[in-house]
Amino acid sequence: MMGWTALLWAALVVPPAWSGVDGAGLGPVEVVTPRGGPRVVYRSMVAPSLVAMRLSVPTEEPPGLRGATRLLQELVREELEGSATAIGARIELERAPGHAVYAIVGPRASFEAMVALLRRAVTRPVGDPREVAVARARVARDALAALELPGARVRTGLLAALFSTADTSAASRRLDQWTAADLEGFRRRYFVPDRMTVVVVGAVSLDAAAAAFTDWPAPAAPPPLPAPSIPADSAPPPQAVARWAGIGWSVEGHDPAVLAVASTLVTRRLAGSGLSRARAELWWSRDRLGFVVVGSALPGSETGTAPAQTLRRAIEQTAEQVRAEDVLDARRSLRHELVFDARTPHGLATLLGRFTERTGDPHAAAAFLDALRRVDAGQVRAALLALVHGPPAVVEVAP
Numbered sequence: 000m001m002g003w004t005a006l007l008w009a010a011l012v013v014p015p016a017w018s019g020v021d022g023a024g025l026g027p028v029e030v031v032t033p034r035g036g037p038r039v040v041y042r043s044m045v046a047p048s049l050v051a052m053r054l055s056v057p058t059e060e061p062p063g064l065r066g067a068t069r070l071l072q073e074l075v076r077e078e079l080e081g082s083a084t085a086i087g088a089r090i091e092l093e094r095a096p097g098h099a100v101y102a103i104v105g106p107r108a109s110f111e112a113m114v115a116l117l118r119r120a121v122t123r124p125v126g127d128p129r130e131v132a133v134a135r136a137r138v139a140r141d142a143l144a145a146l147e148l149p150g151a152r153v154r155t156g157l158l159a160a161l162f163s164t165a166d167t168s169a170a171s172r173r174l175d176q177w178t179a180a181d182l183e184g185f186r187r188r189y190f191v192p193d194r195m196t197v198v199v200v201g202a203v204s205l206d207a208a209a210a211a212f213t214d215w216p217a218p219a220a221p222p223p224l225p226a227p228s229i230p231a232d233s234a235p236p237p238q239a240v241a242r243w244a245g246i247g248w249s250v251e252g253h254d255p256a257v258l259a260v261a262s263t264l265v266t267r268r269l270a271g272s273g274l275s276r277a278r279a280e281l282w283w284s285r286d287r288l289g290f291v292v293v294g295s296a297l298p299g300s301e302t303g304t305a306p307a308q309t310l311r312r313a314i315e316q317t318a319e320q321v322r323a324e325d326v327l328d329a330r331r332s333l334r335h336e337l338v339f340d341a342r343t344p345h346g347l348a349t350l351l352g353r354f355t356e357r358t359g360d361p362h363a364a365a366a367f368l369d370a371l372r373r374v375d376a377g378q379v380r381a382a383l384l385a386l387v388h389g390p391p392a393v394v395e396v397a398p
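Numbered by numbering that gives the first Met the number 0, the letters in the sequence shown go through residues 0 to 398 in order.
Think of the hints as simulated: they come from the structure by calculation, not from any bench.
Hints should not be assumed to be uniformly reliable.
[Said to hold, decoys possible] Derived Cβ-Cβ restraints for the label pairs, each shown as a range:
#1 A381 - A108: 32 to 40 Å
#2 E80 - F339: 24 to 32 Å
#3 G26 - G81: 27 to 35 Å
#4 A226 - D193: 27 to 35 Å
#5 G377 - A85: 36 to 44 Å
#6 R89 - P398: 38 to 46 Å
#7 P298 - A132: 23 to 31 Å
On a predicted model such as this, the values are computed, not experimentally measured, just so you know.
Here a beta-carbon is modelled for each residue, glycine too, at the ideal position from N, C-alpha and C.
Assemble the whole structure, with the sequences as input and the hints as a guide.
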């Protein structure tokens, strides 16, 4: 089961630098569109003899009609995981912003069987009401359990405050309206092969990859979606021993590369702030861009009464004191981590897939790495000052 952050948004996590990477590029990426199948984003990687694939299905869940994507994935999860294990593969189901994602990695000898599993994942009809009831219970349990965590509650609140159409974990409380027939209609509407994108990385040829995703079955025409219904909020109270706070801004139109560097520098500044688990995050998906800073403080500590002010002060101080050498080091850190992740077929497929989902461009990961090279201190300072001059959304959870 993927963590709640993966289900809510694609946050560009900013880790420390890894010194063993030489900063090489991601290599050539080829794009083909097979007849009657998903768009294929392909990258050869001969060693190790593995193939990784990430199949993304764009979906839309308007307010009052949340949860269908998670339910469809939960309906096939057990079957897919068992079948993948039987062929020496591993499969992961992820709810990325605006996408249902099915990722699988395994030996080259199992390539055809892995493709068959992906095809099964997105073409399996929904028909058994009992299966739907079990899936609803599992999804609701996991989503409500996550909301008991104060950090999760803060991020969920910020997501809802910054993006009015955002899909949040609160969707679990609207699952009871989805019948088997409704879910099948949702699948037919969005799980159409020529709307999908699959990233294929590993020891398989482009011709073989294109052939494997040719002539997938198209679903029958969908019925209308059910009428939306938004019941009263019934989320469990968070279990907090510390005071949590989060502040955030919608930053549409800004350069994600500049904001990623800025988030690295703010996170480093927060390390000496007295807050615990404090970090800056860039929330980047196809229809939204947000800059968020989250942290917690124990009662009785210097920062315990006003952690939100401490978070904001860290941004202000970073803007005032940003230096060219700090920006260079942050750029290097980000680049090294991304390239390090891309050293395996699974890591590269994930990287290419996530950037494609965010932008629609199969070459977006390489473009982001190129953009990092051009970020300078002046751009970072301007981006941070734009934040502190605008009112943030603020969410706090008290013990």
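The hints, checked one at a time:
1. A381 - A108: 32 to 40 Å: violated, 53 Å
2. E80 - F339: 24 to 32 Å: holds, 27 Å
3. G26 - G81: 27 to 35 Å: holds, 34 Å
4. A226 - D193: 27 to 35 Å: holds, 28 Å
5. G377 - A85: 36 to 44 Å: violated, 56 Å
6. R89 - P398: 38 to 46 Å: Holds, since R89 and P398 (Cβ atoms, about 39 Å apart) stay within the stated range.
7. P298 - A132: 23 to 31 Å: Once the Cβ atoms are compared, 42 Å apart, the range 23 to 31 Å for A132 and P298 is violated.
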